[in-house]
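So for the sequence shown, the UniProt record's numbering puts the first residue at 1; every next one is plus one.
No wet-lab data here; the hints were simulated from the structure. The reader is advised that the hints may include incorrect statements.
What the hints assert, rightly or not - Pairs of lysine-lysine residues, derived as BS3-like cross-links and limited to a Cα-Cα distance of at most 30 Å, are as follows:
no., residue 1, residue 2
1, Lys478, Lys618
2, Lys508, Lys324
3, Lys427, Lys208
4, Lys202, Lys216
5, Lys208, Lys265
6, Lys462, Lys488
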Amino acid sequence: MATRPRELIDQDYAYNAVDAEQKHIRILRLHPGQWHADIRCSLEVVSLKDKVQYEALSYAWGDPRITKPMFLHDVRIQVTANLEAALRHLRSREIPTILWVDAICIDQRNLEEKTHQVGLMGKIYAACIRVIIWLGTPQPRQASYPKSYLPQVKRTSGRSSLKLPVSPDNDEEMNFQDPFFLVRHFAADRHFYDLPCFLPSKFSRSFKFKDTTTFKYLWQKFLDGAQTSWWERFWCVQEALLPPEATVIFGHWRIPWNMFRTAAKNQGRHMTSCCANVAMKLPGKYTYYPDLLVTDSPNTTNAAERIKRRFSDLDWMLRAYRDKDCTNPRDKIYGLLGLIDERASDGIVVDYRATVAQVFTSAMETILKESRDWGDLRSLTGSGFHSQQFLLPSWVRNFAACPDKTGMFYEAIRLEIYRIYNAAGGKKAEIKIDGHEALELKGIMVGKIRRVGCVVLHRDAKHISHVIRSWHKVAGIKIAHTLSTLQKPRQRAFWHTIAGNIVFDQGKWRVFDESDTRAFELWLHGTLTAWMRLSKPVLEEKHVKSILASIFGRAMYITERGDIGLCGSTARPGDETWILQGGNVPFLLRRRTEPNKEEPTDHHLIGECYLHGFMTGKAVAAGDVGFSTIVLK
Numbered sequence: 001m002a003t004r005p006r007e008l009i010d011q012d013y014a015y016n017a018v019d020a021e022q023k024h025i026r027i028l029r030l031h032p033g034q035w036h037a038d039i040r041c042s043l044e045v046v047s048l049k050d051k052v053q054y055e056a057l058s059y060a061w062g063d064p065r066i067t068k069p070m071f072l073h074d075v076r077i078q079v080t081a082n083l084e085a086a087l088r089h090l091r092s093r094e095i096p097t098i099l100w101v102d103a104i105c106i107d108q109r110n111l112e113e114k115t116h117q118v119g120l121m122g123k124i125y126a127a128c129i130r131v132i133i134w135l136g137t138p139q140p141r142q143a144s145y146p147k148s149y150l151p152q153v154k155r156t157s158g159r160s161s162l163k164l165p166v167s168p169d170n171d172e173e174m175n176f177q178d179p180f181f182l183v184r185h186f187a188a189d190r191h192f193y194d195l196p197c198f199l200p201s202k203f204s205r206s207f208k209f210k211d212t213t214t215f216k217y218l219w220q221k222f223l224d225g226a227q228t229s230w231w232e233r234f235w236c237v238q239e240a241l242l243p244p245e246a247t248v249i250f251g252h253w254r255i256p257w258n259m260f261r262t263a264a265k266n267q268g269r270h271m272t273s274c275c276a277n278v279a280m281k282l283p284g285k286y287t288y289y290p291d292l293l294v295t296d297s298p299n300t301t302n303a304a305e306r307i308k309r310r311f312s313d314l315d316w317m318l319r320a321y322r323d324k325d326c327t328n329p330r331d332k333i334y335g336l337l338g339l340i341d342e343r344a345s346d347g348i349v350v351d352y353r354a355t356v357a358q359v360f361t362s363a364m365e366t367i368l369k370e371s372r373d374w375g376d377l378r379s380l381t382g383s384g385f386h387s388q389q390f391l392l393p394s395w396v397r398n399f400a401a402c403p404d405k406t407g408m409f410y411e412a413i414r415l416e417i418y419r420i421y422n423a424a425g426g427k428k429a430e431i432k433i434d435g436h437e438a439l440e441l442k443g444i445m446v447g448k449i450r451r452v453g454c455v456v457l458h459r460d461a462k463h464i465s466h467v468i469r470s471w472h473k474v475a476g477i478k479i480a481h482t483l484s485t486l487q488k489p490r491q492r493a494f495w496h497t498i499a500g501n502i503v504f505d506q507g508k509w510r511v512f513d514e515s516d517t518r519a520f521e522l523w524l525h526g527t528l529t530a531w532m533r534l535s536k537p538v539l540e541e542k543h544v545k546s547i548l549a550s551i552f553g554r555a556m557y558i559t560e561r562g563d564i565g566l567c568g569s570t571a572r573p574g575d576e577t578w579i580l581q582g583g584n585v586p587f588l589l590r591r592r593t594e595p596n597k598e599e600p601t602d603h604h605l606i607g608e609c610y611l612h613g614f615m616t617g618k619a620v621a622a623g624d625v626g627f628s629t630i631v632l633k
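Model the full structure from these sequences, guided by the hints.
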């Protein structure tokens, strides 16, 4: 007989204290019950030192205004509807389920407790036997699929010998509604042409694409699970990467997390080998890039191996997952500490009483101190500097800003390309930080912006063509229609700037050599007219990879001396191009104070840039170059 609750009104549960020194945590005992019965739980304080057996729940909290009741030690409390749904789906009818659930196991009203419990979260997820990734519940559709859909899938499955996934009710028709159908397809190492959107040609051994209703339905079911709010959460990064095992649950559907990784790996291999020609026939609307969280998952259940992975680069980790969101901006730092080697995060202490600016500045200082060991300014590249939020110094990245995935993709490529440039001629940085506000560096100014063009905002061929046409006017040149015109110095500087003076060859980026220059100009001569007229698809051309990597999210600028460069969207006339010691690329700075013999000039950091002719150490080639001390604030 169930215990009668004290009152059928919502109350604040009175938590017992946990001992931070003993690494105490609370675990949740989800009591068994029938599907429609009230959810009843109890809490128990345990120590992480005792190797307690529990599963950790990873989920999106959901709208805090939409709640449902549950009972915690007979006290009726309110939890978000998404958490209530997760507990209802996880509850057994016969035995208790032992879980760790942050919203319940941490006293959210106790800031001191929250601080030390969040500091333990990396260890909490690493110590669990399994993480349960709750994506939510599939939304019911107004109209069900026609019965004729199912035979199409059966025939497709028969051709590829693919067994339909097993549903919770073992109902054959329910199999087709599995949101993980496409994941299972590629995890089983099936081909693209085994999908119900490819039909064999009658007159050849090739396949043609047909936008069948069957495939549309399968694709929409896949997106239902692949686009839930869980994937947008910043905390999901360590919650998915640290545990030894993970199970993904979407309503009544379950799938092992490693099946996502296997599917992504197999899909990528098929796209570049046996299925390359077939995959190219898929329309753009059916393009899906696996989340970095999936592709970066460790392929091991050994805890020591997982923790020893390459997560020693705090700068890379904070950049890689910036597209994910969290309610508290501080968690953009705290949410990764469990993954980061303690030496790499030395100096960062979880403290929710600190301002966002203090937390972000502390993280940036930690990154720069690590950079100081090898004298490199890589950490000052990328977006998010000179932010107007949180009163941040211009040299502190706004980690709370969420770039779009396309922008992040090209920013990651430019980070990879960064190492092949050598603007500072190998001179190491002397990094000094003064009072959490000023960053002192040394450099030489090589140009001041006179004019800035419009920014490349999309990958669309028509848009890119329009922007590059406008850049011709910025550079003061006309579109070249002959090879001899392309080989003139101004034309060559213009197009080499657009390509970043780089080429992707045999899986690696490298700077143009003489043979690359000839090949690039021949390519331009053969395709430029067609490209500018949009008579050919830009994305299929040989050199477009380097062009997109160089220009996406950037504008062309001209210096007062006439040099050509590429800059971020926030640059403006008057900004200065500097070669900074330790920088493989130049940087744009905005002057705050006038030069003074007594004091170094103050600047704001605007961001990295490209300046043609200055990427390989030209400005510092002479041995007597005088570097000035500058202060970034």
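Going down the list of hints, with the structure as the test:
This hinted pair checks out: Lys478 and Lys618 have alpha carbons roughly 28 Å apart, not beyond 30 Å. For the hint linking Lys508 to Lys324, the alpha-carbon distance of about 29 Å falls within 30 Å, and the restraint holds. Restraint check for Lys427 and Lys208: the C-alpha separation of about 56 Å exceeds 30 Å, so the hint is violated. Restraint check for Lys202 and Lys216: satisfied, since their Cα atoms lie roughly 23 Å apart, inside the 30 Å limit.
Proposed proximity of Lys208 and Lys265 is supported: the alpha carbons are some 24 Å apart, at most 30 Å. Distance restraint check for Lys462 and Lys488: the Cα-Cα separation of roughly 26 Å lies within the 30 Å cut-off, and the hinted pair is therefore satisfied.
Going down the numbered hints, you'll see the structure goes against just number 3.
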